[in-house]
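Start from chain A and add chain B according to the hints.
Top line first, the protein sequences correspond to chains A and B. My numbering puts the first residue of the first sequence at 1, with every later residue one more than the last. My numbering puts the first residue of the second sequence at 1001, with every later residue one more than the last.
None of these hints come from the bench; they were simulated from the model. If you're wondering where the values come from, they're calculated on a predicted model, not measured in any experiment. Beta carbons: idealized from backbone N, C-alpha and C, even for Gly. Every clue listed holds true.
Straight line, CA to CA, 25 Å or less: simulated SDA-like cross-link-like pairs of lysine to any residue:
{"hint": "1", "chain 1": "A", "residue 1": "K117", "chain 2": "B", "residue 2": "A1268"}
{"hint": "2", "chain 1": "A", "residue 1": "K116", "chain 2": "B", "residue 2": "I1264"}
{"hint": "3", "chain 1": "A", "residue 1": "K116", "chain 2": "B", "residue 2": "V1247"}
{"hint": "4", "chain 1": "A", "residue 1": "K117", "chain 2": "B", "residue 2": "V1244"}
{"hint": "5", "chain 1": "B", "residue 1": "K1219", "chain 2": "A", "residue 2": "A85"}
{"hint": "6", "chain 1": "A", "residue 1": "K117", "chain 2": "B", "residue 2": "P1233"}
{"hint": "7", "chain 1": "B", "residue 1": "K1251", "chain 2": "A", "residue 2": "R19"}
{"hint": "8", "chain 1": "B", "residue 1": "K1275", "chain 2": "A", "residue 2": "N114"}
{"hint": "9", "chain 1": "B", "residue 1": "K1338", "chain 2": "A", "residue 2": "F108"}
{"hint": "10", "chain 1": "A", "residue 1": "K117", "chain 2": "B", "residue 2": "D1250"}
{"hint": "11", "chain 1": "A", "residue 1": "K117", "chain 2": "B", "residue 2": "A1263"}
{"hint": "12", "chain 1": "B", "residue 1": "K1251", "chain 2": "A", "residue 2": "D13"}
{"hint": "13", "chain 1": "B", "residue 1": "K1275", "chain 2": "B", "residue 2": "T1220"}
{"hint": "14", "chain 1": "A", "residue 1": "K116", "chain 2": "B", "residue 2": "V1252"}
{"hint": "15", "chain 1": "A", "residue 1": "K117", "chain 2": "B", "residue 2": "H1257"}
{"hint": "16", "chain 1": "B", "residue 1": "K1275", "chain 2": "A", "residue 2": "F12"}
{"hint": "17", "chain 1": "A", "residue 1": "K116", "chain 2": "B", "residue 2": "A1263"}
{"hint": "18", "chain 1": "A", "residue 1": "K117", "chain 2": "B", "residue 2": "E1272"}
{"hint": "19", "chain 1": "A", "residue 1": "K117", "chain 2": "B", "residue 2": "N1306"}
{"hint": "20", "chain 1": "A", "residue 1": "K117", "chain 2": "B", "residue 2": "L1248"}
{"hint": "21", "chain 1": "A", "residue 1": "K117", "chain 2": "B", "residue 2": "V1270"}
{"hint": "22", "chain 1": "B", "residue 1": "K1337", "chain 2": "A", "residue 2": "A107"}
{"hint": "23", "chain 1": "B", "residue 1": "K1275", "chain 2": "A", "residue 2": "D10"}
{"hint": "24", "chain 1": "A", "residue 1": "K116", "chain 2": "B", "residue 2": "K1275"}
{"hint": "25", "chain 1": "A", "residue 1": "K116", "chain 2": "B", "residue 2": "E1245"}
{"hint": "26", "chain 1": "A", "residue 1": "K4", "chain 2": "B", "residue 2": "V1244"}
Under 8 Å between C-beta atoms, here's a sample of chain A residues computed to sit facing chain B:
{"hint": "27", "residue": "D11"}
{"hint": "28", "residue": "L14"}
{"hint": "29", "residue": "T21"}
{"hint": "30", "residue": "K111"}
Non-contacting residues of chain A with respect to chain B, defined by C-beta distances greater than 10 Å in every case (computed):
{"hint": "31", "residue": "E45"}
{"hint": "32", "residue": "P79"}
{"hint": "33", "residue": "N125"}
Residues per chain, in single letters:
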Amino acid sequence: MAKKVLIIDDDFDLVEAMRITLEAAGFEVVDAQDGEKGLEKIRSESPDLVVLDVMMSSIDEGFHVAYKIREDEAMKDVPIVMLTAVGNQTGFQFNPGKDADFLPVDAFLEKPVNPKKLVDIVRQNIKA
Amino acid sequence: MSLFPETPVFNTASMLRRDKWLIRLRWLALLGLTAGVIYFSVFQLGDSDIILKISLVAVVLLLSNSAYWAYATNRKQYSMLELVSLLNIQMVVDLILLTLLVYFTGSGESPLVFFYLFHIILASIIFPGGFSYIYSGLVMTFYSIPLLLEYFGVIGHIHFFHGDHPMEEPSVIILKWVMMMITVFGAAYLAQNVTNRHRRVYKRLKSANKKLQELNESKTTFFRFASHEMKAPIATIQSTLMVVEDVLGDKVDTQVHDMLGRAINRTAEVIEMLKDLADLTYGNFQEQQRFEALDLKLMLSELVTNNKVDAERKKQNLSLNLPRRECIYWGDMMALKKVFLNLITNAIRYTQTGGEVSVTLSHHDEYYTIDVQDNGVGIPKEEQVNIFKEFYRTPSARKQVSEGTGLGLAIVLRMIELHEGTITVTSNEGEGSRFTVTLPLEEHL
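This is chain A alone, in the form it adopts within the complex (with noise of 0.2 Å):
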């Protein structure tokens, strides 16, 4: 059976973007618009990988969905992919090394998306 990727990302054309490429190499897309919608679908849909974007109603709030996804017993163990927006000008830096510490988060994606990177990065990091 196919593998199953939430987007949670408010960018309609990006999630398309997204699910295109991912459909293509053989995934099943699901997609949620803010970070509420998304835990819903977490809960119903249980993905087998999550893309959060960081930056949808408020500058920050995919962080508080990952740190919503960790506490709750029924979905921490699902792999968050987290994109980041371009050239971090909100004054956040993100260093997957260094902040992977206190961002509860397996990966970090750079947009705009590049489709073999996000193919890459979905591969490595759904589990088996």
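Here is chain B on its own, set in the frame of chain A:
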């Protein structure tokens, strides 16, 4: 160029205000003089002949000041030269009248000599710098004329006060006391006037400066948000284009494939420029700055190592020279990394295959210097002043390397200013360039 250029402190409006102020002061002087004449007559100080002459001076003062007053209130337009001439005529006439008064009241022994000082102070308040020295010379000339004329017997000395021991006369003592009081308070008034003027100008400048700062802040806020708002949709466009390219793959002919590739590159360029614009505003917001104690040697080593691949691709020798001693610096890591990454990539970019690029850190007593030197194309002298300007790219740089936003060195300068450092460039066309960054060490940190 005008002889008297208008400045915030010297303009026609302010000169006219000073003229009117001077006229008001002259009315006061006339009042004092009239009081003096009455006092002399009542206490029978001085010859009636002299008192008459002093009265005549008072009449001349009355007439001349009325004329100045009529001129100042009835005209609407003045040129700067006209006002300066008018004020000078008034001041010189005042000096002549004062000299007559001083002569009538005993030349060197006249208590009125102090009033010469008022003219010096007034001249320094009213006119641009330099005039007060001309007036000092004038005052000394006018002071000397009666003294010399008396000495050589051309005119007679006037013993203004009667009696052998004038100081014993209460009327004389009171007169001297009043003169002294006018001198002391007059000096205090003028000095206060100068100070108030300075304070007013200072206040005006301060508020103007604050407005400029606010303007600059709103500009950078605008930059920051505009670039941020534009980045997300363009990133999505690029992501979409990449997916299209990926999905279509070899299904389309090369022409379409190339077109897609160029579109992707162009969106990448726009994103690069928006990132750079956001960087230009970096540090204008307190919450963005992250100063910490950082190891310059480590930072530069990392940067040089990361750029080795690019240098090797062009068969260039990228070397790093570090001092033996520890180089800890209180700075913003992200900003400084941007500075040196920018300088190193520029050096590699604008140096021919097989060239040399070196990075040298030196520890001085009060500052660090970091030299990034290459033996590349160099920068023509006439273009060196422009390279730190936003969006400027030298014509030769454009010809040589197509990519680049022209914001790199503007960002470098901005980040260095954030550290109160400096950057200088020495370069000869065809011989290479050396960028020297100076980062001041602050002892108190």
